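Turn these sequences into a full structure, and let the hints guide you.
In this text, residue positions in the sequence shown follow my numbering: the first is 979, and each later residue adds one.
Since the hints were derived computationally from the structure, they do not count as laboratory data.
Quick list of the computed label-pair ranges, beta carbon to beta carbon:
(1) I1046 <-> H1008: 22 to 30 Å
(2) S1079 <-> P1389: 52 to 60 Å
(3) E1172 <-> G1295: 46 to 54 Å
(4) P1159 <-> G1295: 32 to 40 Å
(5) E1167 <-> Y1518: 32 to 40 Å
(6) R1190 <-> F1486: 46 to 54 Å
With a cut-off of at most 16 Å between alpha-carbon atoms, the simulated EDC-like pairs for lysine to aspartate or glutamate come out as follows:
(7) K1092 <-> D1164
(8) K1083 <-> E1174
(9) K1098 <-> D1164
(10) K1154 <-> E1140
(11) K1098 <-> D1525
(12) K1118 <-> D1158
(13) K1083 <-> E1172
(14) K1084 <-> D1168
(15) K1092 <-> E1172
Just so we're clear, the structure is a prediction, and the values are computed from it rather than from any experiment. Backbone N, C-alpha and C define an ideal beta-carbon position, used for all residues, glycine too.
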Amino acid sequence: MAGASGIGLVCALVSFQIIAVAAKASASDHRYNVGDRVPLLVNKVGPLNNPSETYWYYDLPFCRPDQIIEKKESLGEVLNGDRLTNSLYELNFREDKNGVSICKKKLSEQEVAKFRDAAKREYYYQLYYDDLPSWGFIGKVDRSWEDIEDASPRYYLFTHIEFTVLYNQNHIIEIKSFSDPNYSTDITEDVETEVEFVYSVHWDETSRSFERRMEKYLGDTLLQKHQQIHWFSVINSVIALTLLLGFIITVFMRILKNDLNKYCHGDEEEDKEVGWKYIHGDVFRYPSHKSTLCAILGSGSQLLMLTFLVFILALVGIFYPYNRGSVYTSVVIIYALTSAVAGYTAISFHIQLGGIVWVPTMLLTGSLFSAPVLLMFIIVNAIAASYGATAALPLGTIMAIFVIWIAITIPMLIAGSLIGRFTSSEVQPPSAPRRHPMDIPHLPWYSRTASQMFLAGALPFSAIFTELYYVFASLWGHKIHAVYGVWFIVFIILILLTAILSVGLTYFQLSGEDYRWWWRCLICGGSTSIFIFGYCCYFYTISRMTDLMQLSFFFCYNACICYAMFLMLGTVAFRASFVFVWRIYSAIKSE
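Here's what the structure looks like:
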């Protein structure tokens, strides 16, 4: 564990240096003089209810510049589906404009149909001005006509956008875009339609400082303008953790103390060994499928390190809300670097369990998480490409990720594995295994795997249930993710609950003279992910998401997240139970 912590620390320092430099470069200079041209970049459009289904802005027949100039984007921005492009809007610093015409255009029947479909599906557009996001709707549906007999709803295209920009001295603080419904064109019928796209710009001074300019966006959504309160769920989780911890310490430690006193000092009235002491000759019998177990521990440790480092970067302010794609970039870089943690953890534990041939374990560790994620990516990327969506990664981005995997991930995995191989040796357990395994007595229903999985998953899930809604609303909505502190506290509570429950359930399993704890504690610890996936299904039913593309993105990527949670929580549960079992059997005098 000390070696894994050292490797993780090195990976953390390298990650911080790389990501911090990138973050500083993206927010280096935002000072302007009066009249300076600040480009307004158009990004993407898409249906409001399907956040993953986004298209290039000019896939709709808007007026476009003579020369399309695409902004050079970072890896994270491409992964986020961003396609930033120049536009005809000219918003010079502190220069008001009123009713400026972009262009007059005659829409063909096909173009009218495109805009009508966009209005029907509640398409929104996204713009960026000085790295500040702004949203608005493309059109509207007027259903008041449905009250008239045999009448259909009317569809309208917004043709006038009003920009309100707030500034403080030579800094841009905020931008708002408003699609004026008083300037709209009826696009209900499939006929050629003449439209004129117009915009206005108004500049207002504000006292808000540049450093606080993103506070407005922290709790914003496209439709909701107030800050969500998350601390109530944290208090509930802390109360649940405190009550459970107090109960287990009170009951569990009293029983364990009595057992240790009896077994260490002897009890002449009870000469026969029973309970967990009775199986001391089998409890350290190595489990089946050791390589798979070691690979899970390696991958779980890597993902835990990845999660903690991402949270730390967020808490120290690396992930500014307007630094688009920075989270995705960080995940890719940190995952590649922390492959050394996976290799070291898996191979060192493999050697400690008496393993000799370690290369297959290393290969399994490297593919245990990445292979399923790759499969899911192939599925969703193919579907996105068939839709022509921006979520479909270009070939160049795919090649860049492949190069990172070849040049960084694999070498780091091999390096960590070699360190684990040459710094570890087989350990001697507190009690040697018997030559022949003992028979396991008949177990009551509440001591079986399914029952313990339910208990081990339900209690931690209940502690994070309230906050889970906000997590999903942020991941699959239009809110900018910025409540990292709350999520970090909830994640710590989840880990503590998992570890405590794992120790308790392992003790009661051993007390029932069932020594098959190795895999049991890992599976029970990871069972919370099953409840989380069940919540995914529930969240989808209460959302307004539709269509195959959004369905595939939602369930495929949530399946990857839940799989990662299984590996992480299973690793936490196993480590807690392993330390506990090792200590209690080291504390008794085995006969």
